[in-house]
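Engineer: The residues making up each chain are set out below.
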Amino acid sequence: MSVSLLSSALRALCLSGSRTVSSQWAGPSAAASALIGCRGFMTSACQLQNRTLWKQREKYTIRPIGMKKTGGRDHTGRIKTHGIGGGHKQRHRIIDFQRLRSEPGKEEPVMVEKVLEVRYDPCRSADIALVAGGNRKRWIIASQNMEAGDLIQSCRGIGRMAVLAREGDAHPVGALPVGTIIHNLELFPGRGAQYIRAAGTCGVLLRKVSGTAIIQLPSKHQIQVLETCVATVGRVSNVDHNKRIIGKAGTNRWLGIRPSSGRWQRKGGWAGRKIRPLPAMKSYINLPTAAARA
Amino acid sequence: MFNATMQRIRISSSTVNQICKSKDCHGVLIMIPHGRRCLSSSSCLYGKVFPRKKPRVVPEITGLEPVTYADRMHFVPGLAKPRFPKWERGWKDPNHYESPKPEQMKMFKDKPCYIFNQRTSVVEGVRQALWLSKSAVIKEFPAQILSLAEDPANQIEDQDERVQNAIKSALLWDTTDDQPPRERYCPMLVHRLLHLCGVLQVRHPELAKRMLAEKYNLAATWRRGEDVFQVRGHNGLLINSMNPLPVLAGPEQIQGTADQELETFFPIAPTIDLQCTNVYQEKSTTGFREGYPYPHAHTLFMMEMGNTPKLLPEQLRSKMIMFCFGNALVRAKAQYGDEPRVLEKPIVVQSVATNGRIFQFVVFQLNTTELQSDSGVKNLVWVDEDKPLFEHAQVRPHIKRRVVKIPAGLSGYQPETFKKFLALFLHGAT
Chain A
1 MSVSLLSSAL RALCLSGSRT VSSQWAGPSA AASALIGCRG FMTSACQLQN
51 RTLWKQREKY TIRPIGMKKT GGRDHTGRIK THGIGGGHKQ RHRIIDFQRL
101 RSEPGKEEPV MVEKVLEVRY DPCRSADIAL VAGGNRKRWI IASQNMEAGD
151 LIQSCRGIGR MAVLAREGDA HPVGALPVGT IIHNLELFPG RGAQYIRAAG
201 TCGVLLRKVS GTAIIQLPSK HQIQVLETCV ATVGRVSNVD HNKRIIGKAG
251 TNRWLGIRPS SGRWQRKGGW AGRKIRPLPA MKSYINLPTA AARA
Chain B
1 MFNATMQRIR ISSSTVNQIC KSKDCHGVLI MIPHGRRCLS SSSCLYGKVF
51 PRKKPRVVPE ITGLEPVTYA DRMHFVPGLA KPRFPKWERG WKDPNHYESP
101 KPEQMKMFKD KPCYIFNQRT SVVEGVRQAL WLSKSAVIKE FPAQILSLAE
151 DPANQIEDQD ERVQNAIKSA LLWDTTDDQP PRERYCPMLV HRLLHLCGVL
201 QVRHPELAKR MLAEKYNLAA TWRRGEDVFQ VRGHNGLLIN SMNPLPVLAG
251 PEQIQGTADQ ELETFFPIAP TIDLQCTNVY QEKSTTGFRE GYPYPHAHTL
301 FMMEMGNTPK LLPEQLRSKM IMFCFGNALV RAKAQYGDEP RVLEKPIVVQ
351 SVATNGRIFQ FVVFQLNTTE LQSDSGVKNL VWVDEDKPLF EHAQVRPHIK
401 RRVVKIPAGL SGYQPETFKK FLALFLHGAT
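Sequence order for the protein chains is A and B. Using the working numbering, read the first sequence as starting at 1 and increasing by one per residue. Using the working numbering, read the second sequence as starting at 1 and increasing by one per residue.
Chain A on its own, in the form it takes in the complex (with noise of 0.2 angstroms):
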């Protein structure tokens, strides 16, 4: 509370520095948890707060980590998202979306992993595959037809041919034929996947021209990538994700989705049919900046 005065104080004799309506009130919420990481007054929002410590793990590890629930509510404590809230208690794995990554220490063109489980995350509608090779484990998005046992390879190279292309295997979307059907799709190369994860959504590779790929989403909406992008050959798991009935909003609570206003919004937009142009093709073949380093 002193803290809070004193700060504020200082905030009126300071010449630069924001002031903010709502920063005066839930000062003392905000101010205080701000402050736990920093000593000084005039630093402007620290970053370290613990409602998000449980995801600042540099170092990958398979075991679950326990997460903190937001109820979607932002650093201020307001709603910033609505419907989001209680639900059961989950553990988050940490998934690797680069199939490309080798261990430290080790750089190969072909990397053969073998699958050793296929669970559910409650973190996602996909399942996910605890696979090891070498001298590590990680967790994978599985895809289609994935079971304990198999085999699968992730390989760097792109060959004069086409490779047959097997279901789990990853290769850069320049090596595999016209027509595959492909998951975790990269859109800069090295960033790791970041399109077509869901469960039993799956993109298809429509045509290879002078060093990039033209690849249709689940969407319809078409995107040119470089051909050293990774993707991931099949669908992804869980297939019939969406066919599952939830029969009672019991469990929509279970899954953490709060109820809706309810309340007919006459702007809303979302009943009726649509019938659009698809948009034109949005191209990813830019030079990715520094952030794009995982």
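Treat the hints as calculated values from the structure; they're not laboratory data. Treat the hints with caution; some may be incorrect.
Some but not every residue of chain B turned toward chain A, in silico, with C-beta under 7 angstroms [what the hints assert, rightly or not]:
(1) A269
(2) T271
(3) I272
Listed below are the simulated DSSO-like cross-link pairs for lysine-lysine, each with C-alpha atoms no more than 30 angstroms apart in a straight line [unchecked claim]:
(4) A:K80 x B:K54
(5) A:K248 x A:K69
(6) B:K53 x A:K69
(7) B:K101 x A:K55
(8) A:K59 x B:K54
(9) B:K310 x A:K69
(10) B:K48 x A:K55
(11) B:K53 x A:K137
(12) A:K137 x B:K48
(13) A:K267 x B:K48
Ideal Cβ placement from N, Cα and C applies to all residues, glycine included.
With chain A held as given, fit chain B onto it using these hints.
Structural biologist: Just chain B, lined up with the frame of chain A:
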């Protein structure tokens, strides 16, 4: 917060006149008489929430020192925040001790070492333990030891009844609750069975030349290929004896193992799940000092109670094999020296592991310490898997639809399992 708001308004003016009830206000916008609004209390809810600003990145320019307010001893707007060097306490406080980085430690070595300790749970189980100890497996109980148990001279009077009493006392009679926790009944059962076996000391005086030991630190080091491996830590309950165990497999069988291939499990490396560290010491100690009267390791008892990482039966068997191998290897090095060689007199170590109900028996014979290459004479392992001592031991019967599925008390007792236990105990003393 609302109460504090109301108190503040009461201090400033008289009765609240009007509370705005429109849909946006949530009933909080307070109007004081004469139309003045009390914004200091309710403005927090209507203020625009600005997104978090990233802190200004202060560039580091080499050669230029920023002007800080360190000399002024208080904050001055416009001057940079001083960066002080890390404060050194000057003396070693054990409550605030930061260990040095691995590279600065005394025992740091460039080559990493893979250590198998009592918490290790290898993913490939017995296959990985066989590769690490360069062994061939035989999936049955050794016949010579089994014949010891079949001999009626070696049996205890009322053996079955006494064993059943031991089980009941450990599982049923220990507490007034339904069943004591596994951490309690598992060691109790093993100690009771050992005590029962010790009754035969009257007939076999050689049994007196043995000693029990627990919590001793084993350290065994060996090299396979280019990697260094170690077995370290507490193993479990050990019976030591004055005389070594007799050899089980003859020379022909030992030479026959030289033709067998070691099983690899590509793509998984044999070093997976082992603790990899660069700070280690290449030690080889049995855990006992020179001149200990019972130098030879006889039988190792391991109790799997699920508190140190819960081990599946496959992982438990691999742990047994590795610890037997460790004990045999340090015995060989103590007797014959550090030079890798094929032993003329192979060393035998036995092991029994249990989770309170199911027993695993492993007999390990160390034939060679030439572990660098994959070819040549291999060591031998006899593994007897998953032998239950009894099926159910419950205080209350399990009744479903008026049919007794599981009766009260002890049911499904298997006498062969205790016979094997007794045989391993008597081996070397008859």
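Engineer: Does K101 (chain B) pair with K55 (chain A) here, judged by a C-alpha cut-off of 30 angstroms?
Structural biologist: It holds: about 24 angstroms lies between the C-alpha atoms, which stays within 30 angstroms.
Engineer: Hinted pair, alpha-carbon criterion (30 angstroms max): K59 (chain A), K54 (chain B). Please report holds or violated.
Structural biologist: Judged against 30 angstroms, a Cα distance of about 25 angstroms means the pair holds.
Engineer: Min Cβ distance, T271 (chain B) to chain A: is it shorter than 7 angstroms?
Structural biologist: holds (6 angstroms)
Engineer: Going straight from one Cα to the other, do K53 (chain B) and K69 (chain A) come out at no more than 30 angstroms?
Structural biologist: holds (23 angstroms)
Engineer: Check whether the Cα positions of K53 (chain B) and K137 (chain A) lie no farther apart than 30 angstroms.
Structural biologist: Violated: K53 (chain B) and K137 (chain A) sit about 38 angstroms apart, past 30 angstroms.
Engineer: Within 30 angstroms, alpha carbon to alpha carbon, are K267 (chain A) and K48 (chain B)?
Structural biologist: Between K267 (chain A) and K48 (chain B) the Cα gap is close to 23 angstroms, so the pair holds against 30 angstroms.
Engineer: Would the stated hint for I272 (chain B) survive a check requiring a Cβ distance to chain A of less than 7 angstroms?
Structural biologist: Holds - the Cβ of I272 (chain B) comes within 7 angstroms of chain A, reaching about 5 angstroms at its closest.
Engineer: Is K310 (chain B) within 30 angstroms of K69 (chain A), Cα to Cα?
Structural biologist: Holds, at about 29 angstroms.
Engineer: K48 (chain B) and K55 (chain A) were given as a pair; does the straight-line alpha-carbon distance stay at or below 30 angstroms?
Structural biologist: Within the cut-off at roughly 28 angstroms; holds.
Engineer: With a cut-off of 30 angstroms on the C-alpha distance, tell me whether K137 (chain A) and K48 (chain B) pass.
Structural biologist: Cα-Cα ~47 angstroms, so violated.
Engineer: Quick one, are K80 (chain A) and K54 (chain B) close enough, alpha carbons at most 30 angstroms?
Structural biologist: holds (19 angstroms)
Engineer: Just to be careful: measuring from the Cβ of A269 (chain B) to every Cβ in chain A, is the smallest value less than 7 angstroms?
Structural biologist: A269 (chain B) check passes; min Cβ-Cβ to chain A is 5 angstroms, inside 7 angstroms.
Of the numbered hints stated above, those contradicted by the structure are hints 11 and 12, listed in ascending order.
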